[in-house]
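Order-wise, the sequence lines are chains D and Y. So for the first sequence, this note's numbering puts the first residue at 1; every next one is plus one. So for the second sequence, this note's numbering puts the first residue at 1; every next one is plus one.
Because the hints were derived from the structure by calculation, they are not lab data. Don't take every hint at face value.
Because identical chains share one entry, a pair is satisfied inside a single copy or across any pair of copies.
What the hints assert, rightly or not - Mimicking DMTMM-like on lysine to aspartate or glutamate, the simulated pairs with C-alpha atoms at most 25 Å apart in a straight line are:
id: 1; residue 1: Lys256; residue 2: Asp329
id: 2; residue 1: Lys327; residue 2: Asp245
id: 3; residue 1: Lys190; residue 2: Asp237
id: 4; residue 1: Lys190; residue 2: Asp245
Number of protein chains: 2
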Amino acid sequence: MTSVPILADPAWLEGGPEGSIVLSSRVRLARNLRGHPFTHRANPDERAHVFETTREAIAAAPSLAGAEIVRVDRTSSLDRQYLVERHLVSPDLAAGSGPRGIAIGDGETTSVMINEEDHLRIQSVRAGLDLTEAWKRADRIDDELDAVLDLAYSKEWGYLTACPTNTGTGLRASVLIHLPALMLTKQISKVLRGISQVGLAVRGMFGEGTEVMGNFFQISNQTTLGTSEPDTLGSLDRVARQILDHEKSATEVLLKNARLQVEDKVFRAYGILGECRVIASQEALSLVSALRFGLSAGLIDRVDLGRLNRLMIETLPAHLQKRAGGKLDQVERDYRRAELVRGVFSS
Amino acid sequence: MTSVPILADPAWLEGGPEGSIVLSSRVRLARNLRGHPFTHRANPDERAHVFETTREAIAAAPSLAGAEIVRVDRTSSLDRQYLVERHLVSPDLAAGSGPRGIAIGDGETTSVMINEEDHLRIQSVRAGLDLTEAWKRADRIDDELDAVLDLAYSKEWGYLTACPTNTGTGLRASVLIHLPALMLTKQISKVLRGISQVGLAVRGMFGEGTEVMGNFFQISNQTTLGTSEPDTLGSLDRVARQILDHEKSATEVLLKNARLQVEDKVFRAYGILGECRVIASQEALSLVSALRFGLSAGLIDRVDLGRLNRLMIETLPAHLQKRAGGKLDQVERDYRRAELVRGVFSS
Numbered sequence: 001m002t003s004v005p006i007l008a009d010p011a012w013l014e015g016g017p018e019g020s021i022v023l024s025s026r027v028r029l030a031r032n033l034r035g036h037p038f039t040h041r042a043n044p045d046e047r048a049h050v051f052e053t054t055r056e057a058i059a060a061a062p063s064l065a066g067a068e069i070v071r072v073d074r075t076s077s078l079d080r081q082y083l084v085e086r087h088l089v090s091p092d093l094a095a096g097s098g099p100r101g102i103a104i105g106d107g108e109t110t111s112v113m114i115n116e117e118d119h120l121r122i123q124s125v126r127a128g129l130d131l132t133e134a135w136k137r138a139d140r141i142d143d144e145l146d147a148v149l150d151l152a153y154s155k156e157w158g159y160l161t162a163c164p165t166n167t168g169t170g171l172r173a174s175v176l177i178h179l180p181a182l183m184l185t186k187q188i189s190k191v192l193r194g195i196s197q198v199g200l201a202v203r204g205m206f207g208e209g210t211e212v213m214g215n216f217f218q219i220s221n222q223t224t225l226g227t228s229e230p231d232t233l234g235s236l237d238r239v240a241r242q243i244l245d246h247e248k249s250a251t252e253v254l255l256k257n258a259r260l261q262v263e264d265k266v267f268r269a270y271g272i273l274g275e276c277r278v279i280a281s282q283e284a285l286s287l288v289s290a291l292r293f294g295l296s297a298g299l300i301d302r303v304d305l306g307r308l309n310r311l312m313i314e315t316l317p318a319h320l321q322k323r324a325g326g327k328l329d330q331v332e333r334d335y336r337r338a339e340l341v342r343g344v345f346s347s
Numbered sequence: 001m002t003s004v005p006i007l008a009d010p011a012w013l014e015g016g017p018e019g020s021i022v023l024s025s026r027v028r029l030a031r032n033l034r035g036h037p038f039t040h041r042a043n044p045d046e047r048a049h050v051f052e053t054t055r056e057a058i059a060a061a062p063s064l065a066g067a068e069i070v071r072v073d074r075t076s077s078l079d080r081q082y083l084v085e086r087h088l089v090s091p092d093l094a095a096g097s098g099p100r101g102i103a104i105g106d107g108e109t110t111s112v113m114i115n116e117e118d119h120l121r122i123q124s125v126r127a128g129l130d131l132t133e134a135w136k137r138a139d140r141i142d143d144e145l146d147a148v149l150d151l152a153y154s155k156e157w158g159y160l161t162a163c164p165t166n167t168g169t170g171l172r173a174s175v176l177i178h179l180p181a182l183m184l185t186k187q188i189s190k191v192l193r194g195i196s197q198v199g200l201a202v203r204g205m206f207g208e209g210t211e212v213m214g215n216f217f218q219i220s221n222q223t224t225l226g227t228s229e230p231d232t233l234g235s236l237d238r239v240a241r242q243i244l245d246h247e248k249s250a251t252e253v254l255l256k257n258a259r260l261q262v263e264d265k266v267f268r269a270y271g272i273l274g275e276c277r278v279i280a281s282q283e284a285l286s287l288v289s290a291l292r293f294g295l296s297a298g299l300i301d302r303v304d305l306g307r308l309n310r311l312m313i314e315t316l317p318a319h320l321q322k323r324a325g326g327k328l329d330q331v332e333r334d335y336r337r338a339e340l341v342r343g344v345f346s347s
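Next up, chain D with everything else stripped away, as it sits in the complex:
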């Protein structure tokens, strides 16, 4: 069994451009090794071969110098959940079987999943709204790996992938955006409808099939075929900026029409986080969401954006258990979570 160490704070939680509304921008590239069956059709030996080949290429890639490579199939279920909570591995990779892993680059801003649905999933994440830089870094890793590995690419189709929805660019770009004012003013469904109409997908905090929590929405492209990377990124960036403007307008409306009620919500969140003795994960996230909103609306200055962002991860179940050094039942988690948030917010 390989044990995942407690990792340092991810750099992408520290706040970036438009950071008060956009938590992060992500790019992932799906790639496969030519002449090898896709993961779900590969037997353990073939998977082990892909893992080893990829591992060597990663170890040699300058952009991933010093990356920690973890054999996810050799970790405990707690460690796997820990990696999911940090957005390093997908729930699918965590739940999969056979040799598979994750290479974790500096500050967790770059990483490569090995033997997920595709042999390689190159990932890059930036704080705030910064798709260009996220793309540049993923693209550089792609170039470096491409120089060493023989990637499955067709002149006609582009990059070949296990699922046809990724074929072409293999690019999924996404922004994780915080929309409390659109929720409070009940405009969110109109905005989400608009997003779907321009061919983008809306998901929960941990991607496909996950719930929307704490007013965080993940917005991503759906098309990878017959389009170029710059078009995909440009269109997502444009839509993200529009949503951002909607959120800002909704915030102004709220401050104009219901300032006191909104302030009350924000400061009560602060009071509860500073005093609670037990707190569930969902409630903690929703109170942190209220404080993030208070910060972006200029209603409160006693909190730090980076600290709030980190807390959203630190209060998740596996993070609490890693910090405590072992398994905790729900009652113990709720207790430890309260202890953690009190330490941050109590005066």
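Given chain D, work out where chain Y should sit, using these hints.
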């Protein structure tokens, strides 16, 4: 128009015997002047005569030396509500018509309502569970007024009163008791049934016809005929001590089985009161109730019992308006109330 000044903190809110559970002990004596129609049958001239006669007697009573006598019919509706909130006058006296008033003794621990349902209602209140002392003081005032006034008394019936339910001793003794643990453990209805079975009445915080709020119950005798004052007081005191024991046992059970949840409730109340920007009267009372419980259960020591007790009165609508110097609408009251409680609880 007579304006009621902002009164000093009532002495009976400072905490007394068993003060963490029993807020106060009250005694009132219903008395009428012989040869004068009861208030509801008296015309304005007769009421004015009763008022004047009584006023003179009160002014001469040594136990009421320095008492402030307020003509309630000459006060604003806000002032009348203010007096009701302080438990000085009944809702009935506030809402009545014609010459009527209240004589307010030292620290508001003794008072006399004039021309309520009966011509005189001598009132005495003590902090905590202290019916004996409350009775002694009311009895002394009764003696002093009896020496000057010709009170309606029959050898056969005892004191004659406007409503037959008061005839006899004219005594209503009550304790205002805080039972959060019995509420939380859902044993309260059983306890209340027991109280009714021994012939006592259970009412809300402001007496007959008022709601139970913040887990405060007023328990009082129902019988005034064919019984003596010592019997009435002794029986109420005995029952109050039994309820007190039930509440203490329920507290122990809660601390044993759900300490964390109870602590959470108490400290969240503290956090919310320290940070809220708007708060309704009911919510404020229920959070103060949680803190009173925290104090009596030994869970929190950052709060002072007297301060909590005073806050229950100070956060009421008329008190907020008196403090603000004029009428406030509900939104303004909720705002001022939040400001007031924050001042007390924020660190």
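Hints and how they fare:
1. Lys256 with Asp329: between (44 Å within a copy, 19 Å between copies)
2. Lys327 with Asp245: Close neither inside one copy (43 Å) nor across copies (41 Å); limit 25 Å.
3. Lys190 with Asp237: within (19 Å within a copy, 64 Å between copies)
4. Lys190 with Asp245: within (14 Å within a copy, 58 Å between copies)
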